[in-house]
Amino acid sequence: MCLAIPGLITKIQDGEATVDYGGVSKHADLSLMEKAALGDIVLVHAGFVIQILDKKAGEELQKLVKATLDVL
Amino acid sequence: MNYNITNILQGIWKLADQTGPVAIMEVCGTHTSSIRQYGIPSLLPPNIRLVSGPGCPVCVTSSADIAAAIALASLDEVIFTCFGDMMRVPNGDVSLYSLYEQGRDIRLVTSPLDALTIAQEYPEKQVVYFGIGFETTAPHTAVLVEKAAQAKVRNLSILNSHKTMPQAITALLQNESSIDALLCPGHVAAMIGAEAFAFVPEKLQLPAAIAGFAADEILAAILAIMDLLHKQKLDCVNMYPQFVTPAGNRSALNLLYRVMEPCDAIWRGLGSLPQSGLQFRPAYRDFEARTRFNIEKTETTEPKDCLCAAILRGKAIPPNCVHFSRDCTPDAPVGPCMVSSEGACAAYYRYREE
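Those protein sequences? They're chains A and B, same order as listed. Numbering follows our numbering, in which position 56 of the first sequence is assigned residue number 100; successive positions increment by one, without gaps. Numbering follows our numbering, in which position 149 of the second sequence is assigned residue number 150; successive positions increment by one, without gaps.
The hints are simulated quantities; they were obtained by calculation from the structure and are not laboratory data. Certain hints may be false.
Unchecked claim - Per the computed footprint, the stretches of chain B lying under chain A, defined by three or more beta-carbons under 8 Å from a beta-carbon of chain A, are:
no.: 1; segment: 6-20
no.: 2; segment: 108-118
no.: 3; segment: 132-144
no.: 4; segment: 221-232
Stated by the list, open to error - Examples of chain A residues toward chain B, derived with CB under 7 Å:
no.: 5; residue: Ile56
no.: 6; residue: Leu87
no.: 7; residue: Ile94
no.: 8; residue: Leu105
Where is the CB? At the ideal position from N, CA and C, for every residue including glycine.
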């Protein structure tokens, strides 16, 4: 119910994004994330885009885990 | 995230050697399901226990709300729309699915906006949408209502049973000594922001980590929690920053609170929690299905000996229940925790050891 799925925006038209999930495309409403753009990887939940992937944050997280492990 | 799981597990085991027993509660049904699916408890040291909390929206929907859904779906003029996992929740001998089998017009939707499309397609009928879920789904219902209002669609209404997660966590864990840390729901956090979980260390005095849903993401969050416990540091670490920002999705929250406002709500297993629900603001109250169809509140009782309420509070585990895997299975659930794939009983049942 609360599981959101990440996918790639391949098209935007009339407030709706076409999102590709590795070969399967579905439409998602952009009312909750109007700044989402073509080429963004976004989190889609129940037909709505709810967040945009921050690639840099993912890299920082990797460093955070590594730093925790390094001091053990 | 493609962490090195072996390294993370070694880190968790090493830190667990230096602590006593640790109970970590997850309050997201999708976490419960992922934890069982990936067999995470079997990978952890024996002194780390994962406890399921009240995180499945289907499971916490009160029996009175289920009774209201059944009453609405029984009306001849109504097309009742809901997500699939609400269909089998029993209320006595009746469920939405049993009504569907009897020929009632009940339709599954994958987006709340599907209900608007149906309402425009059938102007002679009344379409009701069953709005359940936490902050991850409530803004969607707000969009549905705003779009319906803008399009002047008069034959759509909502059975509004949306709830907010922080109030439930507070009600459950304040004055609770058996839980040592919290695994916070990543997708709720994507909406309300990492800062919204600061109350966990500050008010509840528990360390916490916001987690994604893949096995490595959950394990990385458990490592972060063990690190906080080891350092005796009260903090909530955002271990899902790729999708969770400090402030969350402000435009979604602004939209949500433009349409709805907090209200007291009844949670299955937890009772009435102040300001833990969402109701329409006066300008949108015409969209409330209970008012439109004059549905009276009913008192209903839980199934005999069903432990769902205790399971939602982290006080019991599914195998403790006399019904579990005997007369209660996903095909014929006795209680709500067996209905949704995100319910603790369904997750235990699906990934149980034979």
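Worksheet item: Would the hint on Leu87(A) stand, with a C-beta cut-off of 7 Å toward chain B?
Response: holds, 5 Å
Item to complete: Between the segment 108-118 of chain B and chain A, see if three or more residues pass the 8 Å beta-carbon test, and mark the coverage as holds or violated.
Response: Answer holds; 5 residues pass the 8 Å Cβ test.
Worksheet entry | Within 8 Å of chain A (C-beta), three or more residues of the segment 221-232 of chain B | holds (count 4)
Practice prompt. Go through the hint on Ile56(A) and say holds or violated, using the shortest Cβ distance to chain B against 7 Å.
Written response: Because about 16 Å separates Ile56(A) from the closest Cβ in chain B, which is outside the 7 Å limit, the hint is violated.
Item to complete: Mind taking a look at whether chain A covers the segment 132-144 of chain B? Criterion is 3 or more residues with CB to CB distance under 8 Å.
Response: holds (count 8)
Worksheet item: For the hint on Leu105(A), does the least C-beta distance to chain B fall short of 7 Å?
Response: With a minimum Cβ separation of about 6 Å from chain B (threshold 7 Å), the hint on Leu105(A) holds.
Worksheet item: Are there three or more residues in the segment 6-20 of chain B whose C-beta lies closer than 8 Å to some C-beta of chain A?
Response: Answer holds; 6 residues pass the 8 Å Cβ test.
Worksheet item: Can we keep the Ile94(A) interface hint, with Cβ of chain B closer than 7 Å?
Response: Since the shortest Cβ distance to chain B is 6 Å, the answer is holds.
The structure is inconsistent with hint 5 alone, although it conforms to all the rest.
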